[in-house]
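Going by the numbering used here, the first residue of the sequence shown is number 1, and it counts up by one from there.
Check each hint, because a few of them may be wrong.
What the hints assert, rightly or not - Distance condition first, Cα-Cα at most 25 Å in a straight line; then the derived DSS-like pairs of lysine-lysine:
#1 Lys-11 x Lys-199
#2 Lys-39 x Lys-86
#3 Lys-199 x Lys-43
#4 Lys-85 x Lys-229
#5 Lys-226 x Lys-86
#6 Lys-85 x Lys-129
#7 Lys-86 x Lys-229
#8 Lys-199 x Lys-37
#9 Lys-11 x Lys-229
#10 Lys-37 x Lys-166
#11 Lys-129 x Lys-24
#12 Lys-4 x Lys-39
#13 Lys-129 x Lys-11
#14 Lys-24 x Lys-4
#15 Lys-37 x Lys-24
#16 Lys-226 x Lys-24
#17 Lys-43 x Lys-86
#18 Lys-37 x Lys-4
#19 Lys-24 x Lys-199
#20 Lys-166 x Lys-86
#21 Lys-129 x Lys-226
#22 Lys-4 x Lys-199
#23 Lys-166 x Lys-4
#24 Lys-86 x Lys-129
To be verified - Derived Cβ-Cβ restraints for the label pairs, each shown as a range:
#25 Met-49 x Glu-201: 18 to 28 Å
#26 Trp-28 x Ala-138: 11 to 21 Å
#27 Leu-109 x Glu-205: 38 to 48 Å
#28 Asn-136 x Leu-109: 45 to 55 Å
#29 Asp-87 x Lys-226: 18 to 28 Å
#30 Lys-43 x Asn-162: 25 to 35 Å
#31 Pro-139 x Val-223: 21 to 31 Å
Source of the hints: derived by calculation from the structure; they are not laboratory data. All figures in this text were calculated on a predicted structure; none of them were measured in a lab. Cβ atoms here follow ideal geometry from the backbone N, Cα and C, with glycine treated the same way.
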Amino acid sequence: GWSKEIGIALKNDYLSIFFILLTKFLWWIVLIYCWNKRKYDFKFLFFLMFLEGTFLGLIQTNDLFNLFIFIEITTIISSILILYKKDGYSVRAGLYYLLFNSVGMIFYLIGLTFLYNIFGTLNMDIISKEISPLQNTAPIRLSYIFIMAAIGVKSAFFPVYNWLPKAHSAAPSSISALLSGLLVKSGLYAFIRLNEMFKIEVFMEFFFFLGFFTALSGIFFAVSQKDIKQILAFHTISQIGIILMG
């Protein structure tokens, strides 16, 4: 019975349903892949399923603060799974991933504060309806820049993507598959959702060229790698650039 302004809202449309189907399919494949090796490793399976539940929450939320919470929980659980081998390289890569993404999300929180100060709500539908007359004001532009900077780090846009190859090469193969196939795309999902809300088209050309340079540099670095996980990691960056251009 909470009103839309202060209640926690969930919303589904074609985009979120597509991501839900993709999530179910990928987690199913990963569970089959690692079942023989991990079927008695209850901690690993707990974190793996916890991550799926959190990710499903992330792609269905219609509330800016809960989007932040879900992204942060996803980041923390991903970090635990990246450093799961517990060797020196994995621990360094996991902590680097956690630090990089957490610092990025602080910018999101600053942008969110600006929006809440203006609209008094964090519901994305309500903000989307009320934002049009205020689009060219400094607080809205500043909020957009802060939030997009955070999403850029989370999505591994050029040039802030050096955490991704480290995380890929350190993580167990099943977690690398989830990182590449879906978890990095959570930033792009948030990018689409937030651009639908802000309706600021002034930066669209900038994002097109950012996507172009992300795609190009991903391919360029992939060619120079010898480790297959590193090749896949840089190709993931390249695909992110192509999706961003789209």
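Outcome of the hint check:
For the suggested pair Lys-11 and Lys-199, the alpha carbons sit about 19 Å apart, so the restraint of at most 25 Å is met. Only pairs whose Cα atoms come within 25 Å are accepted, and Lys-39 paired with Lys-86 is accepted, the gap being roughly 19 Å. A hinted pair counts as satisfied when its Cα atoms are at most 25 Å apart, and Lys-199 with Lys-43 does not qualify at roughly 43 Å. Simply put, Lys-85 and Lys-229 have alpha-carbon atoms about 16 Å apart, close enough for the 25 Å limit, and the pair holds.
For a cut-off of 25 Å, the pair hint linking Lys-226 to Lys-86 stands: about 24 Å separates their Cα positions. Taken as a hint, the Lys-85 and Lys-129 pair is broken in the structure, with Cα atoms around 47 Å apart against an allowance of 25 Å. Only pairs whose Cα atoms come within 25 Å are accepted, and Lys-86 paired with Lys-229 is accepted, the gap being roughly 18 Å. Between Lys-199 and Lys-37 the alpha-carbon distance is near 47 Å, which puts this suggested pair outside the 25 Å criterion.
As the CA atoms of Lys-11 and Lys-229 are separated by approximately 35 Å, the hinted pair breaks the 25 Å bound. The hinted pair formed by Lys-37 and Lys-166 meets the criterion: a straight-line CA distance of about 24 Å does not exceed 25 Å. Simply put, Lys-129 and Lys-24 have alpha-carbon atoms about 32 Å apart, too far for the 25 Å limit, and the pair is violated. Only pairs whose Cα atoms come within 25 Å are accepted, and Lys-4 paired with Lys-39 is rejected, the gap being roughly 43 Å.
At most 25 Å may separate the alpha-carbon atoms for a hinted pair to count; Lys-129 and Lys-11 meet this at roughly 16 Å. Distance hint between Lys-24 and Lys-4 is unfulfilled; the C-alpha atoms sit about 29 Å from each other, more than 25 Å. Distance hint between Lys-37 and Lys-24 is fulfilled; the C-alpha atoms sit about 21 Å from each other, no more than 25 Å. Taking the CA atoms of Lys-226 and Lys-24, the gap is near 32 Å; set against the 25 Å cutoff, the hint is violated.
Distance hint between Lys-43 and Lys-86 is fulfilled; the C-alpha atoms sit about 14 Å from each other, no more than 25 Å. For the proposed pair Lys-37 and Lys-4, the alpha carbon gap of about 46 Å is over 25 Å, so the pair is violated. For the proposed pair Lys-24 and Lys-199, the alpha carbon gap of about 31 Å is over 25 Å, so the pair is violated. The straight-line distance between the Cα atoms of Lys-166 and Lys-86 is roughly 15 Å, inside the 25 Å bound, and the hint therefore holds.
About 50 Å separates the Cα atoms of Lys-129 and Lys-226, which puts this hinted pair outside 25 Å; it is violated. A hinted pair counts as satisfied when its Cα atoms are at most 25 Å apart, and Lys-4 with Lys-199 qualifies at roughly 21 Å. Of the pairs offered as hints, the one joining Lys-166 and Lys-4 is violated, with about 41 Å between alpha carbons and a cut-off of 25 Å exceeded. Restraint check for Lys-86 and Lys-129: the C-alpha separation of about 48 Å exceeds 25 Å, so the hint is violated.
Checked against the given bound of 18 to 28 Å, the beta carbons of Met-49 and Glu-201, roughly 40 Å apart, lie outside it. At roughly 47 Å, the beta carbons of Trp-28 and Ala-138 sit outside the given window of 11 to 21 Å. A hinted range of 38 to 48 Å for the beta carbons of Leu-109 and Glu-205 is inconsistent with their spacing of about 28 Å. Under the hint 45 to 55 Å, the C-beta atoms of Asn-136 and Leu-109, about 24 Å apart, miss the expected range.
Under the hint 18 to 28 Å, the C-beta atoms of Asp-87 and Lys-226, about 20 Å apart, fit the expected range. Judged by the Cβ atoms, the range 25 to 35 Å given for Lys-43 and Asn-162 holds: they are separated by roughly 29 Å. The supplied range of 21 to 31 Å is broken by Pro-139 and Val-223, whose beta-carbon atoms lie about 44 Å from each other.
The structure shown violates the earlier hints numbered 3, 6, 8, 9, 11, 12, 14, 16, 18, 19, 21, 23, 24, 25, 26, 27, 28 and 31.
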